[in-house]
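Protein chains in written order, with the UniProt record's numbering: chain A, 1 to 344; chain B, 1 to 344; chain C, 1 to 344; chain D, 1 to 344.
One or more hints might be untrue.
Identical chains share a label here; the pair holds if one copy fits it or two copies do between them.
[Stated by the list, open to error] When the alpha-carbon atoms are kept at most 25 Å apart in a straight line, the in silico SDA-like pairs for lysine to any residue are as follows:
| id | residue 1 | residue 2 |
| --- | --- | --- |
| 1 | Lys184 | Ser152 |
| 2 | Lys167 | Ile233 |
| 3 | Lys94 | Lys184 |
| 4 | Lys81 | Leu29 |
| 5 | Lys166 | Met199 |
| 6 | Lys265 | Thr336 |
| 7 | Lys324 | Val334 |
| 8 | Lys94 | Ile114 |
Hints listed in this document are in silico derivations from the structure and should not be mistaken for laboratory results.
All values derive from a computational prediction rather than experimental measurement.
Protein chains: 4
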Amino acid sequence: MALLEFDKSKPMDIIPMGRAAIDFNPNELNRTLDQVRTFTMYLGGSPANIAVGMAALGKKSGFIGAVSDDQFGTFIENFFKNRNIDTSQIIRAKNGEKLGLTFTEISSPTDSQILMYRNMAADFAVSPEDISEEYIKNSKILLVSGTALAASPSREACFMAIRYAKKHNTKVIFDIDYRPYNWKSLSEVSIYYSLAAQMSDVIMGSREEFDLTENLQYGNNSVSDYEIADKYIALGNKIVIIKHGKKGSVAYGADGKAYKVNSYKVKLLKSFGGGDAYGSAFIYGLLEHWELPECLRHATAHAAMVVASHSCSEAMQDIVSIDKFINERKDEQVITPVDWKVVL
Amino acid sequence: MALLEFDKSKPMDIIPMGRAAIDFNPNELNRTLDQVRTFTMYLGGSPANIAVGMAALGKKSGFIGAVSDDQFGTFIENFFKNRNIDTSQIIRAKNGEKLGLTFTEISSPTDSQILMYRNMAADFAVSPEDISEEYIKNSKILLVSGTALAASPSREACFMAIRYAKKHNTKVIFDIDYRPYNWKSLSEVSIYYSLAAQMSDVIMGSREEFDLTENLQYGNNSVSDYEIADKYIALGNKIVIIKHGKKGSVAYGADGKAYKVNSYKVKLLKSFGGGDAYGSAFIYGLLEHWELPECLRHATAHAAMVVASHSCSEAMQDIVSIDKFINERKDEQVITPVDWKVVL
Amino acid sequence: MALLEFDKSKPMDIIPMGRAAIDFNPNELNRTLDQVRTFTMYLGGSPANIAVGMAALGKKSGFIGAVSDDQFGTFIENFFKNRNIDTSQIIRAKNGEKLGLTFTEISSPTDSQILMYRNMAADFAVSPEDISEEYIKNSKILLVSGTALAASPSREACFMAIRYAKKHNTKVIFDIDYRPYNWKSLSEVSIYYSLAAQMSDVIMGSREEFDLTENLQYGNNSVSDYEIADKYIALGNKIVIIKHGKKGSVAYGADGKAYKVNSYKVKLLKSFGGGDAYGSAFIYGLLEHWELPECLRHATAHAAMVVASHSCSEAMQDIVSIDKFINERKDEQVITPVDWKVVL
Amino acid sequence: MALLEFDKSKPMDIIPMGRAAIDFNPNELNRTLDQVRTFTMYLGGSPANIAVGMAALGKKSGFIGAVSDDQFGTFIENFFKNRNIDTSQIIRAKNGEKLGLTFTEISSPTDSQILMYRNMAADFAVSPEDISEEYIKNSKILLVSGTALAASPSREACFMAIRYAKKHNTKVIFDIDYRPYNWKSLSEVSIYYSLAAQMSDVIMGSREEFDLTENLQYGNNSVSDYEIADKYIALGNKIVIIKHGKKGSVAYGADGKAYKVNSYKVKLLKSFGGGDAYGSAFIYGLLEHWELPECLRHATAHAAMVVASHSCSEAMQDIVSIDKFINERKDEQVITPVDWKVVL
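Start from the sequences and build out the full structure, keeping to the hints where you can.
Next comes the structure, spelled out in structure tokens:
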């Protein structure tokens, strides 16, 4: 039996909530940003990428968020519409807020930096009054990106959306997705992350992100991964995924089973973008009521496919391609059952 | 058996958290404020009044909050020190914040208005980093005043304090204490009140305050008092008190018993100040492990004694005086067991 | 011939521009503020005091400024109306701004401190769009208080008012009136004070205030009083008054004559409030086309009468009383012609 | 004799003051911005372009302004250094301010729009304390871009720089350069533009910009160009240039002579960028002590050369090229003496 049961009568599969942004990736590689002359523009922002990923996998995705009231906002809306993502709940920020921009500096294949434009970012302009109870009621999943908790009124909009989700049996996935911008203090990070995490059904994040969520409560890394998993499962979560970068990640289920996940071996073009590919294939599996190992296998396969390409959003794959990739690599052991108290 | 068990090894009885302020009450009564010439200055602010009330009743009280870095801040500290209230966790706001002021307009015995000075109020300057885990660990009760949730960083400081309280078995009393100042929207009120209420052990508020807490979830007054009580008891609260002004209030216990509370008949000098007197005597009873009816009787008696005097903070009574008042009025039936679904 | 000629066809005598506020003076003297129990409330704020002073002297005064939209704002308006000061250009600040408050601490007859409430002060809410060209055109004098330059939009409103005054031959008196609150930096002070001073007809200030106006240009006190006077007379001012506290002050006229002004010997009740009394009697003399020495004699007499009383605004005198005071003290030599390069 | 005499002992020719920014120009033309895929990055911002233009013409240019403390700030500094522009007074904004970005939408050869990123723009971070009196003293010209007056502390920094310039006989050129971003109201625009214009030696702007400067004083276009010129010449300006777009512009000299300036006929690539080319060649002429008509001829020639190319900053010409262009077009009558009261 799957860890999460979805209400099949709900027509929408998933509503990612948070930022949609634009990535400017340099066309001249292996140099610092001040040496670059031309850029290519892509849709970006973790929850927006997940919406695109889910749509590429054939799931019905909506979106909750605010975009700028200018041509860049139109770019986002058009990009979504062209992929059959519902845009009815995307609002236009009306007080001069601008779409977040990410200029990527690819100094070398293994060393990339980003330069963020997030002063008065449009995505924070979504307010609790903008949240439609009906919209959330009609979706199997609400996915909240942690960055959306960094500032008001977006922060309150997220808590309102979670409240509606819990009222109407819409499952809540909390993707911690920490970005250091816009937060006022680490205490603030910890407080709002832990409030969200105690109300979600699935939490995903890196170990660093869980430390941010917990640190004021437990102190410096004095807790094991499984203790974190125990805590959030006790609070009602069904799945907790803790990522350790190149060392792989561990997924803990409320049924007491844990799995280690490793990466497929691929040639990296850039060191970012895999997370959203991972997330969308993983959620695809949940929606298909697959067992946890199968969800995880598709997640790590999708991630591998995306990090080998130039963009995030435009490299999202369909399920046939992912299955083909997995089949071609069937000798690589990427999913392993592990002891609950495993240390990575 | 009492509804709440306290850890007797904790040396502090209660830590009210929130604002300490100054009340300016007019010496010339029955006129509008612009006609007043002289004012008398009193300590004010609901949690500060409760600290004074608890101290008057002989309990060991601390305080968490920020005051202005000027003579008025010194006034608050001295006032507390003179009453043996611990001031070690009172911080001075360093960025020009000023102590909140309340000028009372007593137009007639039944009609009073207030003029508030709360722009850059000092009390909001307390931050999560200011909260001492040890201090909270050493107290039987943490009382959070809802107004402290109205703005950052005080809002986050409250959630941090609640986190420490829950970790160390310090009971949390959430006194909704709504003031329309400083909140940005009613959605914001509802979101943060409901987050606090789902983590507390005791909630006290007027029916209007519970409506603010719930309204976005349930809609316009479509719920009964007992449904609210049920909800918060299910979330872990042991006592829920819902006040209906002159009609009296109802206290719901996690043991399934409910009591109606009425006011003693007294000549009113002013229409405010009773709530903090009520709160401090009620909490006194909890700390004494009294049964709920006895706690409530002292609460309503103390309230009656304070509304008949010119100030709040300086009129707080000791237990001998309250007992004497109750004894003199023993023919007045103020506490009545009622059906759980009673409607006031 | 007088240094300033006024257009007698203009019906209003003077429009002070800037803050109206409330002073709370303690009724219990010779103690620090945290020991005080009761306060008496007076109208305050330098340009408001001058309006009251001019009205007491029988001149037709208006006022430009913003007050709070509450009972304290009503207090100011009523106070002015009762003294026949035109209130048609007093606006109500609509965004929660509050009237400035000054709590006075009179620790001893010679030592007084103030505690100011000026966060989101209502007086800064007057904007250039609020300024009526017609209103200024119809007045002989516009008096700008330097504090009104400390923040926007009041700052821009002052420059707009000065622009209209210069266009319509309304004389501009710049009363530097420096308060350290609300300014962001000393550079800012210097920049806006010097811009105002180069467009005025009369400047009045203490030597410290002139240093603030000049310091970035000249450096630390390397200039004499007369060099400052020379500069501003060259830029078009007709009278420059530089005050040196107890040492007296010097008034420089555009006719090349300078006068030293000393205080009458009186028993001081408090160490503040004389400046506005000085200003109003001095301007009264200008409006009467008196010679400079006669203006100055009345100024210093009026100051002496006011510092001996409990309030500023309510102690303002009529001309008969001032003349009587001067006549009684005719043996005191308070006005002396001095060399232009005199050093105090 | 030239209208402006420069002190030849000053080693620096000109210090433009204001914003340095980045222009992103689309590589795919004739489409709206949301359809563009790749952009080329250029240095932009009017005073930065003028610095580049002056350097291309062989003059010694400095710069006063703030840039972001990131790779884009480094791009600006490197761009300047490579052209021998002094960068010693360029400061790094330290509070998260970002360099202004301008995304250009070239919908058609005659229709271009811009999308500006100016929330918390770095250029406004220069403060009066950052201004070096010595630096300004050592330059023949200070050029203030009007956009730098739109917000604090840059606004105050400009007035400080003008103060130093006037003290040390450094000529002040006020290039109105109005952008609607960042200003709070049109009254504010008018107040600060007119304050700057009454202290400058040369003013350049479009008729719309002069209307913004004057409108609150004079009302709706009820004044002729020559009346504006008269006013600012009376206040001390030596040259006033009022531009009327395609109809040409008129230059008024303090010697009472006026000249009409027309554009050379060129094929337009884009509808912007000519102004800074015009300005730099014009100022080159002033520095060479040329007569006004010769300055203007080079200005309009330089403008014509730059609007025909893809960028502003990188298309700036040297004097040989401009002279060659003028020589080739010697039959085009672009400069004409006109009556002072000419109407365009």
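*Provide an ascending list of the numbers of those earlier hints which the structure does not satisfy.*
none
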